[in-house]
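J.: Residue numbers (the working numbering), protein chains in the order written: chain A, 118 to 229; chain B, 1277 to 1387.
Derived from the structure by calculation, the hints contain no laboratory data.
From a predicted model like this one, the values you see are computed outputs, not experimental measurements.
The reader is advised that the hints may include incorrect statements.
Said to hold, decoys possible - Simulated crosslink set (DSS-like; lysine-lysine; CA at most 25 Å straight-line): (1) K1318/B with K126/A; (2) K174/A with K126/A; (3) K1355/B with K161/A; (4) K131/A with K161/A; (5) K161/A with K174/A; (6) K1355/B with K1321/B; (7) K1321/B with K131/A; (8) K161/A with K126/A; (9) K1321/B with K174/A; (10) K1321/B with K1374/B; (11) K1318/B with K1374/B; (12) K1278/B with K174/A; (13) K131/A with K1278/B; (14) K1278/B with K126/A; (15) K1318/B with K1355/B; (16) K1278/B with K1321/B; (17) K1374/B with K174/A; (18) K161/A with K1278/B; (19) K1278/B with K1374/B.
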Amino acid sequence: NAGVTQTPKFRILKIGQSMTLQCAQDMNHNYMYWYRQDPGMGLKLIYYSVGAGITDKGEVPNGYNVSRSTTEDFPLRLELAAPSQTSVYFCAGSDRNTGELFFGEGSRLTVL
Amino acid sequence: RKEVEQDPGPFNVPEGATVAFNCTYSNSASQSFFWYRQDCRKEPKLLMSVYSSGNEDGRFTAQLNRASQYISLLIRDSKLSDSATYLCVVNPLQGAQKLVFGQGTRLTINP
Chain A
118 NAGVTQTPKF RILKIGQSMT LQCAQDMNHN YMYWYRQDPG MGLKLIYYSV
168 GAGITDKGEV PNGYNVSRST TEDFPLRLEL AAPSQTSVYF CAGSDRNTGE
218 LFFGEGSRLT VL
Chain B
1277 RKEVEQDPGP FNVPEGATVA FNCTYSNSAS QSFFWYRQDC RKEPKLLMSV
1327 YSSGNEDGRF TAQLNRASQY ISLLIRDSKL SDSATYLCVV NPLQGAQKLV
1377 FGQGTRLTIN P
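Same shape as in the complex, but just chain B:
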């Protein structure tokens, strides 16, 4: 089993739709979790950290389910500019900062 697994997609959704991705991780002791966004042929950039209580940033909501070992990302009222690859990132060890990346979920928002 991979340490971090994501559905690679692609997800094609119409503008204005709500879309959700899940990401599962294998190490139950994992300490911190992130969603990164990567545009085509660009470097990844932090979208949001994922906290135990869940967190929201505008149209984006991230949640953590430790019991089932997955994190989720919800995008509401999707925009054309949301088209990108979304990378799930997990830090399996506290303080070590050896982050493990999922392969990414490709999202295309259609007009």
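In isolation and in its complexed conformation, chain A is listed as follows:
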């Protein structure tokens, strides 16, 4: 039982490059989320999904896209990387009954 798995753990991008952060969960969570955390700050919601085929914007969606073709996978796409997207990205799944969030270990992204 791996829980929530994110890849890659670290990545350096040049301005304008694109990439996809992968997130997979084996906990059968319907709800999944992508957050970003800037240094010394709390987590801000980028996108979330309440089930396969359904996604919605969070607080800071600009510059990102997501898809949810299966219950298990919830990738986050950056199309044109900008220095403002330098952050730590956390994917999470939610237990529907308790509301508890289970996080991946995070992906540390630097855009230069």
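Assemble the complex: chain A is given as a structure, and chain B must be docked to it using the hints.
T.: Chain B in isolation, oriented as in the chain A frame:
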């Protein structure tokens, strides 16, 4: 006003001390509340949920004050291993699960 506000600290307290944090929220209709713990360069993990009647888990006590719109976390007999950032988390809408995080309170327990 931020949806969820916390004193960022840092709080530096000696081992064995009692320490308390508060967290205020702006949406009076908020439904559920949590405290998460985040160690340095790690992912957040649930510490405890906060119930209307208050709840206790060992050395940790969480309370909710709906009238004043704040939740609190009390840590008794603090240990070195309690050093972490404590995140206040609020769900403003029932069932939506769009949790809002405070910026966190950094706690360091000194020997």
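J.: What's the verdict on K1278/B and K174/A, does the C-alpha distance respect the 25 Å limit or exceed it?
T.: 19 Å, holds
J.: Just to be careful, I want the Cα atoms of K1278/B and K1374/B compared with a cutoff of 25 Å; is the pair within it?
T.: The hint holds at about 15 Å.
J.: Has the given pair, K174/A with K126/A, been kept, meaning a C-alpha gap of at most 25 Å?
T.: 24 Å, holds
J.: Are the Cα positions of K131/A and K1278/B separated by 25 Å at most?
T.: It is violated: about 33 Å lies between the C-alpha atoms, which goes past 25 Å.
J.: Take the C-alpha atoms of K1321/B and K131/A, compute the straight-line distance between them, and say whether it is at most 25 Å.
T.: 32 Å, violated
J.: Given the hint that K1318/B pairs with K1374/B, does the C-alpha gap stay at or below 25 Å?
T.: At roughly 21 Å apart (the allowed maximum being 25 Å), K1374/B and K1318/B satisfy the hint.
J.: Is the Cα-Cα distance between K131/A and K161/A 25 Å or less?
T.: With a Cα-Cα distance of about 23 Å, the restraint between K131/A and K161/A holds, given a limit of 25 Å.
J.: Would you check the hint for K1355/B and K161/A, treating anything up to 25 Å between C-alpha atoms as holding?
T.: 30 Å, violated
J.: Check the hint pairing K1321/B with K1374/B against an upper bound of 25 Å on the C-alpha distance.
T.: Status holds; Cα separation ~17 Å.
J.: Is K1278/B close enough to K126/A, meaning Cα to Cα at most 25 Å?
T.: 30 Å, violated
J.: Compare the distance between the alpha carbons of K1355/B and K1321/B with 25 Å, and conclude whether the hinted pair is satisfied.
T.: 18 Å, holds
J.: K161/A and K1278/B: Cα distance at most 25 Å?
T.: Distance of about 12 Å is within 25 Å: holds.
When each numbered hint is compared with the structure, violations occur for hints 3, 7, 13, 14.
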